[in-house]
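These protein sequence lines are chains A and B, in that order.
The first sequence begins at 1154 in the numbering used here and counts up by one.
The second sequence begins at 5 in the numbering used here and counts up by one.
Read the hints as simulated data drawn from the structure, not as lab findings.
Everything numeric in this text was worked out from a predicted model, so none of it was measured.
The beta-carbon is built from N, C-alpha and C at its ideal position, and this holds for glycine as well.
Treat the hints with caution; some may be incorrect.
Stretch-level coverage of chain B by chain A, calculated; a stretch enters the list once three of its residues show a Cβ under 8 Å from a Cβ in chain A [claimed, not checked]:
| no. | stretch |
| --- | --- |
| 1 | 23 to 29 |
| 2 | 63 to 71 |
| 3 | 76 to 85 |
| 4 | 124 to 133 |
| 5 | 157 to 169 |
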Amino acid sequence: MRSEQLRRDLSQYVDGELSTELRTELEEHLVSSEEARGYLAQLELLRQHLRYEPAVLPPDITERVLAAIQPEPSRHPSRRRLSIAAAFAAGVVGGAAFIGLVLRQPAQVAAADIPARVVAAQSEVASLTARLDIIERGWHPAVPERTFSGNISYRAPESVWIEIHDTTPYPSTAWVPNDTSVVVDEDVAWTRGVAGCPTEALPHCTPPEPRLSVLTDREPFPDAASAPLDLIVPAAGFTRAGEPESLGLKRIGQREAAGVEVTAAQVASLLEGLAATGNWRDIHPTDRVELWLDRDALVPLALSVFPADTSDRRLWAIRRGYTDDPGIALLEVTWSEVAINEPVPDEFPSPPPAALAPSAGFRAEPLPDLQELTPRRVPEGMRTHRTGVVSTVSGPSVSVASWSDGRAWLKIRSTMDWGGRWLFGDLGTLVRPVPLGTGVAYLNERGDRVALHSEQVDLVVVGSLPTEILLDVAGSLGVIGEQVPVDWTEAATATLDEARAAVAGLIVPHDLEGFGPPAIRVDNDVAILAYAGPGNRGFRLAETVETALSPPFEANVRGVAVRGIEGRYSPDRGVLEWIEGQLTMSLTSTTLSLQELIMIAEAMAAP
Amino acid sequence: MYEPDSEVIRAAAAGDTAAFEELVHAYQAHVWRFLRHLLGDPTQAEDVTQETFIRIYRKLGTFRFRSKFSTWVFQVARNAGIDALRARGRRERLLKAVERRSSPSVPANVLRLEIEAALQSLTPKLREAFVLVEALGFTYREAGTTLGVPEGTVKSRVFHAREQLVSWLTAGEGIADEV
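Isolated chain A (complex conformation) (with noise of 0.2 Å):
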């Protein structure tokens, strides 16, 4: 590629100089031209170095400018003022805006009481009506924009109806409009909307029919075709959270609102709400995301997600033909007309007749005292939901008590016949042993699960709650909890005194705000760490003794500067890897962004 215009034009691409035009054309041309995209890449490289530089403290030189100004000794400036300088000279203010580095007024960071409140204001909301509106952007070529409306009704704790109708002037008649209905009551879900299909083949691949699909017998607050309860508070986004960097505040409709920046990862389960069902473009998880919410009710307003600036993101987008600009919001929803506490309609509407309706198998009935769920102690305001029992052909017959206060939920799983040589309650590989009571308990990655092993029973509690109440809560049943048998998967958990034994030198991330203690594992001398934050947000550590990386999986893996070493980078699979002193290192999060990374890994240190 030695054509000057196309490189002069490439200079003003990677500063976001360039009109929609040229871009949407130099776009195309990267997709073709391998030498264009290896001079982008060395632009990018330049651009990773001296925009991402990893965080350099600058020296803070208040104190010597003031006395120059102002010669009269003692000036102390605040703690305070201090902890705002060094955390806006190291780029993180807040564990969301970690991956801004963007400079912000002291006074507007205001903040830092939001996860909180959300977390409690759940308990606020029996009821709520809204209208929708949502603008698409970047769906297909052919369709730059999309627009929507549609309703939103809520009835505590877990039905939740949402009709979107597409209100597109679509060029043709063959396109499909992309209506949706989402209804869960209680123990029925169902939703209809378009199937999906490929962008290239759009819009004579959309069957003509919607896809309907049912679900009955749900049990209480299922990990499957579960309620989108984040469209009404997005609890499941802040839970868990450090400080969102702030918006400040601002008036929507008659609502005074509370604007938060956050990243799609932290609020996923909000956006995954709205496309349950449809053909909606993809959004990729580093975007940023501005949410709005009302400042008493915690309720969002109004939410725009915008593409991440980043190369890794560019090329997301180019593998999907998308030609997204960081000053535009490719997706923009807001909730007007909203009715908090006030009356909804007793029944949401039922399936459409003669759907197929599978059974997840749930049987509501009155459980006998059963010791295992009955805890003592729940939180205030909580009243017993629904409680049953669920038999599935193949599985363990599992009693389920459930209760809620407005949109938060608890519920309690167990079964005397757990047969897997692994923790019953889907908790994943990597989980936490915490001292309970004079028993154990593990925790997921998450921190929203908490099983109990015993020789009678097995259990776990999951709700919309912080970790420590539903820890409260499981050891308030009278279960205690004992060590998971050698030979299950679990065994292998370890804590960070014995993987330290295990992997000399082993360091961790440290002042890490918004994620979890690490759930911990150790194989010979590999030690994984894994590290869950809001929402999506987490990453994981490995480090194995073991002086060489691994051949590299991936043509796209480049070279990266961490920690004053050189590391790689594989994009594709979000792998940041480097060596140091005996050890391998490599961080893995497909929900945080490079820079994010990097900034994790100058944190490292002894534990």
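With chain A's structure known, arrange chain B on it following the hints.
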């Protein structure tokens, strides 16, 4: 980039040190980064950052709110930086910088050092435009206002800086292979 309320600027101009302190806190890291790349020397960048804020304090009363405050701050920083460059032989500074970088206590991050050295090989005119846009994320227009040149000149200088840096890097060993 952060833009302070006009009251904060007025208060600082009127001698309110708390308001001025807020301005220093808001901009010092960015000014230091700009000067570090412009001068190629972190220690000197620290001194010139201090000098910049002393100049800003003295000149605050002349700020007329016709441009963004951040642009004005970087105009002052750039002038202080250019004065510092003039005040010492560039060759001598480069030699010093190379010596310091090759000392064994510096982590062996070859690529970063190469980029930093390549940056120092640019003329100050190209370098200041490039650093404002590349490292600090200024738009061409903002950089043009800061440097007192048309937007088109910034566009062209940034492009020529990139051309030189890319050829510098790809001529070196190994870099092209890593990308």
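Evaluation of the provided hints:
1. A stretch counts as covered by a chain when three or more of its residues have a beta carbon under 8 Å from one of that chain; for the stretch 23 to 29 of chain B and chain A the count is 5, and the coverage holds.
2. Only when three residues or more bring their CB closer than 8 Å to a CB of chain A does the claim for the stretch 63 to 71 of chain B stand; here the count is 0, and the claim is violated.
3. Restraint check on the stretch 76 to 85 of chain B versus chain A: 0 residues with Cβ-Cβ distances below 8 Å, three needed, restraint violated.
4. Counting residues of the stretch 124 to 133 of chain B whose CB lies closer than 8 Å to any CB of chain A gives 0, which falls below the minimum of 3, so the coverage claim is violated.
5. Evaluation of the coverage hint for the stretch 157 to 169 of chain B: fulfilled, as 6 residues show C-beta separations to chain A shorter than 8 Å, against a requirement of three.
Violated hints, listed in ascending order, are 2, 3, 4; each of the other numbered hints is respected by the structure.
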